[in-house]
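Undergrad: These protein sequence lines are chains A and B, in that order. Mapping the first sequence onto our numbering, position 294 (from 1) lands on 294, and the numbers just tick up by one. Mapping the second sequence onto our numbering, position 111 (from 1) lands on 111, and the numbers just tick up by one.
Calculated from the structure, these hints are not laboratory results. Incorrect hints may have been included.
[Unchecked claim] DSSO-like mimics (lysine-lysine), calculated; alpha carbons at most 27 Å apart, straight line: (1) A/55 - A/94; (2) A/384 - A/312; (3) A/171 - A/94; (4) A/117 - A/94; (5) B/43 - A/138; (6) A/94 - A/309; (7) A/117 - B/226; (8) A/277 - A/227; (9) B/108 - A/215; (10) A/190 - B/108; (11) B/152 - A/145; (12) A/309 - A/337; (13) A/145 - A/190; (14) A/55 - A/93; (15) A/55 - A/190; (16) B/152 - B/108; (17) A/145 - B/34; (18) A/161 - B/10; (19) A/93 - A/33; (20) A/309 - A/215; (21) A/138 - A/190; (22) B/116 - A/117; (23) B/108 - A/2; (24) A/93 - A/2; (25) A/179 - B/108; (26) A/117 - B/108; (27) A/227 - B/108; (28) A/295 - B/19; (29) A/171 - A/145; (30) A/171 - A/161; (31) B/43 - B/19; (32) A/171 - A/138; (33) A/215 - A/145; (34) A/94 - A/145; (35) A/94 - A/33.
[Unchecked claim] Restraint ranges, calculated between C-beta atoms of paired labels, are given here: (36) A/240 - B/148: 50 to 60 Å; (37) B/116 - A/226: 21 to 31 Å; (38) A/292 - B/175: 30 to 40 Å; (39) B/267 - A/117: 33 to 43 Å; (40) B/270 - A/67: 44 to 54 Å.
Note that this is a predicted model, so its numbers are computed, not measured. No residue lacks a Cβ here, since even glycine has one placed at the ideal position from N, Cα and C.
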Amino acid sequence: MKVHEYQARELLVEAGVPVPASHVVETVDQAVKAFDAIGGRCVVKAQVFAGGRGKAGFVKLCDDANAVREAAEFMLSNRMVSNQTGAEGIAVKKLLIAAAVDIESEYYVAVVMDRAKRCPVVMVSSEGGVEIEVVAEKNPDAIHKQWLHPHLGLLGFQTQKLVAGLGITDKAQAKAAGKVIRGLVDVFYKYDCSLAEINPLIRTPDGEILAIDAKMNFDDNATFRHKRLQEMFDPSEENAMELRAQEHDLSYIPLDGTIGCLVNGAGLAMATMDIIKLHGGEPANFLDVGGSVTKEGAIEAFRIILSDKSVKGILVNIFGGIAKCDTIAEALIAAAKEIGFTVPVVVRLEGTNVERARELLKEANLDVLIPAADLEGAAEQICKQVA
Amino acid sequence: MSILVNADTKVICQGITGKAGSFHTAGCLEYGTKMVGGVSPGKGGTKSEHGLPVFNSCHDAVAATGADVSMVFVPAPFAADAAMEAADAGCSLVVLITEGVPTADMVKARHYLDEKGVLLLGGNCPGVITPGECKIGIMPGYIHKPIETGAKSVGIISRSGTLTYEAVWQCTTRGISQTTCIGIGGDPVKGLNFIELLGMFEADAATDAIIMIGEIGGTDEEEAAKYIERSIGKPVVTFIAGQTAPPGKRMGHAGAIISGGEGTASSKMAALTSAGVTVVDSPAQIGHAIGELLNVPAAQPA
Numbered sequence: 001m002k003v004h005e006y007q008a009r010e011l012l013v014e015a016g017v018p019v020p021a022s023h024v025v026e027t028v029d030q031a032v033k034a035f036d037a038i039g040g041r042c043v044v045k046a047q048v049f050a051g052g053r054g055k056a057g058f059v060k061l062c063d064d065a066n067a068v069r070e071a072a073e074f075m076l077s078n079r080m081v082s083n084q085t086g087a088e089g090i091a092v093k094k095l096l097i098a099a100a101v102d103i104e105s106e107y108y109v110a111v112v113m114d115r116a117k118r119c120p121v122v123m124v125s126s127e128g129g130v131e132i133e134v135v136a137e138k139n140p141d142a143i144h145k146q147w148l149h150p151h152l153g154l155l156g157f158q159t160q161k162l163v164a165g166l167g168i169t170d171k172a173q174a175k176a177a178g179k180v181i182r183g184l185v186d187v188f189y190k191y192d193c194s195l196a197e198i199n200p201l202i203r204t205p206d207g208e209i210l211a212i213d214a215k216m217n218f219d220d221n222a223t224f225r226h227k228r229l230q231e232m233f234d235p236s237e238e239n240a241m242e243l244r245a246q247e248h249d250l251s252y253i254p255l256d257g258t259i260g261c262l263v264n265g266a267g268l269a270m271a272t273m274d275i276i277k278l279h280g281g282e283p284a285n286f287l288d289v290g291g292s293v294t295k296e297g298a299i300e301a302f303r304i305i306l307s308d309k310s311v312k313g314i315l316v317n318i319f320g321g322i323a324k325c326d327t328i329a330e331a332l333i334a335a336a337k338e339i340g341f342t343v344p345v346v347v348r349l350e351g352t353n354v355e356r357a358r359e360l361l362k363e364a365n366l367d368v369l370i371p372a373a374d375l376e377g378a379a380e381q382i383c384k385q386v387a
Numbered sequence: 001m002s003i004l005v006n007a008d009t010k011v012i013c014q015g016i017t018g019k020a021g022s023f024h025t026a027g028c029l030e031y032g033t034k035m036v037g038g039v040s041p042g043k044g045g046t047k048s049e050h051g052l053p054v055f056n057s058c059h060d061a062v063a064a065t066g067a068d069v070s071m072v073f074v075p076a077p078f079a080a081d082a083a084m085e086a087a088d089a090g091c092s093l094v095v096l097i098t099e100g101v102p103t104a105d106m107v108k109a110r111h112y113l114d115e116k117g118v119l120l121l122g123g124n125c126p127g128v129i130t131p132g133e134c135k136i137g138i139m140p141g142y143i144h145k146p147i148e149t150g151a152k153s154v155g156i157i158s159r160s161g162t163l164t165y166e167a168v169w170q171c172t173t174r175g176i177s178q179t180t181c182i183g184i185g186g187d188p189v190k191g192l193n194f195i196e197l198l199g200m201f202e203a204d205a206a207t208d209a210i211i212m213i214g215e216i217g218g219t220d221e222e223e224a225a226k227y228i229e230r231s232i233g234k235p236v237v238t239f240i241a242g243q244t245a246p247p248g249k250r251m252g253h254a255g256a257i258i259s260g261g262e263g264t265a266s267s268k269m270a271a272l273t274s275a276g277v278t279v280v281d282s283p284a285q286i287g288h289a290i291g292e293l294l295n296v297p298a299a300q301p302a
């Protein structure tokens, strides 16, 4: 799960990380009022998850009220299109109006889960304000890391090393930077983040240390224990079909191809997409029905797949373990009745209760279903059908 | 021969009175696993529906039954704690089946078990099976083929559940036995990984070759490739799922950096190929590739 920039700022402020004065607004008038309240130059930033805001014109530095009015009008009435949004773009509902500050130095601070070392790692760099990927490639020595003990967390000497890694030597400024690092680590632990990033963290000519932009991702497996995050969840930023699938415990990701896939298990679902491509087809989606799939859930899965009008055929690939083949067979028969298949459906079933499933499908005798004996045959069939 | 579990392994189930725990305990018993009891706080002293003794704690269960392994079906919010309890109670292997355990909990549990020298498998995994001897987990038993004299045998390690079944089935239908099959699970922080298990299969006399099934994300496969080049003499066949997956759907960029790699299928396949591993493009070719390596011809259609 992700949250908006202004929400990430809220969490940082609560953890004692200083940020420039700011307001969140939803109308042009509110934006102008916020500018008056700040009382000087400010930045107007569209609150959307997608990156590429600056290039798309959805982050604007404004010197006066008229500029703020103009920027807010533009952002609230146009859809933002960037390399991360797709051609249709996304609507902007909220703006962050933040006091503009003079910047002397820019830094990078982040906490992420290191899968290989199986613990969180804090990364800092004196080269902030640019993408950390670029720094990692061009100047890896500029990135300093400290891995956190699984049970003890951030230790005092580690904070000192990280501050030194930022290149901050002034005593008061070093103290302020240490407080930022500790605050970010606190947020990471408190809310089960998978990523908590401040980029840039800046120093003003007066020596003030401030967080300018923040990004946070949270562990989906842990949101159950964070009421705060549940309240922050913004369904309008998620794909409607992905959400509908989630409500039925299905994992669905739409893609650009023509072959709908219904599979149990994430690995087998990815492998099914791979083999479709090897046979010259293009998958229309990733869909994992999961292990404890019910007949109703599987019927919903067919509805979701068929709601994609570019689907010209469906490949059902089930290797029953916890999921039972006869449940899928029942869902196939019911879906044929309730929704009606207008495209060919290749069905490959193996594993738990496969005999019963084959009997059911034989009795139902549906013309639209094409049985396949194995994975290879199933992929060949469906690619031939949609070609 | 086998690795991790065999006919003598004694197993308890944590969460035995829950729906999933009860259902799969029945499946394991049916397969012939020595299930010796279960844990369900507050229900100690009763019998499970399978007639097994139920205990209030892992410590009571291990003391009374001498169990070696705990199979954990406890709900996600409490699963990591359950795994640590099993380790403290004296189990030598904890098989954590539960899906959706918070990563922060797994960080703590893995560290705790490492300190105690207890092996962890999972979470979010199908479990482990030594065909014909011991099944701990949720895999369908009948698709596996126990080792027999004169037949070739493979060991299987996989990050995926159902894709493992696919690989097993392709071997079985070709007449290739399996020594042990292990689903290590797909979570970011987990227990046993490719490297530890590759080493165990290398040392297992009955294992002729190894199938390793990876997925996009992380750098476990790249690490495994280095290890195989250095330390594995037996033939290895791999398939990496997700060659066509859209990038960036699950992984943040910063995560990829600290792991020191992209985590893409192509980077993993390249690393494994250069380590001398047989990498197949298609998930339908796993059985064929291992058959070629072991000189086992495809079964003639009846």
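Undergrad: All the hints need checking, so say for each whether the structure fits it.
TA: Going through the hints against the structure:
| no. | hint | verdict |
| --- | --- | --- |
| 1 | A/55 - A/94 | 18 Å, holds |
| 2 | A/384 - A/312 | 11 Å, holds |
| 3 | A/171 - A/94 | 38 Å, violated |
| 4 | A/117 - A/94 | 38 Å, violated |
| 5 | B/43 - A/138 | 60 Å, violated |
| 6 | A/94 - A/309 | 32 Å, violated |
| 7 | A/117 - B/226 | 17 Å, holds |
| 8 | A/277 - A/227 | 42 Å, violated |
| 9 | B/108 - A/215 | 25 Å, holds |
| 10 | A/190 - B/108 | 15 Å, holds |
| 11 | B/152 - A/145 | 47 Å, violated |
| 12 | A/309 - A/337 | 19 Å, holds |
| 13 | A/145 - A/190 | 21 Å, holds |
| 14 | A/55 - A/93 | 19 Å, holds |
| 15 | A/55 - A/190 | 34 Å, violated |
| 16 | B/152 - B/108 | 40 Å, violated |
| 17 | A/145 - B/34 | 47 Å, violated |
| 18 | A/161 - B/10 | 49 Å, violated |
| 19 | A/93 - A/33 | 17 Å, holds |
| 20 | A/309 - A/215 | 35 Å, violated |
| 21 | A/138 - A/190 | 33 Å, violated |
| 22 | B/116 - A/117 | 18 Å, holds |
| 23 | B/108 - A/2 | 24 Å, holds |
| 24 | A/93 - A/2 | 16 Å, holds |
| 25 | A/179 - B/108 | 25 Å, holds |
| 26 | A/117 - B/108 | 12 Å, holds |
| 27 | A/227 - B/108 | 23 Å, holds |
| 28 | A/295 - B/19 | 18 Å, holds |
| 29 | A/171 - A/145 | 21 Å, holds |
| 30 | A/171 - A/161 | 14 Å, holds |
| 31 | B/43 - B/19 | 15 Å, holds |
| 32 | A/171 - A/138 | 30 Å, violated |
| 33 | A/215 - A/145 | 19 Å, holds |
| 34 | A/94 - A/145 | 35 Å, violated |
| 35 | A/94 - A/33 | 15 Å, holds |
| 36 | A/240 - B/148: 50 to 60 Å | 53 Å, holds |
| 37 | B/116 - A/226: 21 to 31 Å | 30 Å, holds |
| 38 | A/292 - B/175: 30 to 40 Å | 33 Å, holds |
| 39 | B/267 - A/117: 33 to 43 Å | 19 Å, violated |
| 40 | B/270 - A/67: 44 to 54 Å | 51 Å, holds |
The structure fails to meet hints 3, 4, 5, 6, 8, 11, 15, 16, 17, 18, 20, 21, 32, 34, 39 from the earlier list, while all remaining hints are met.
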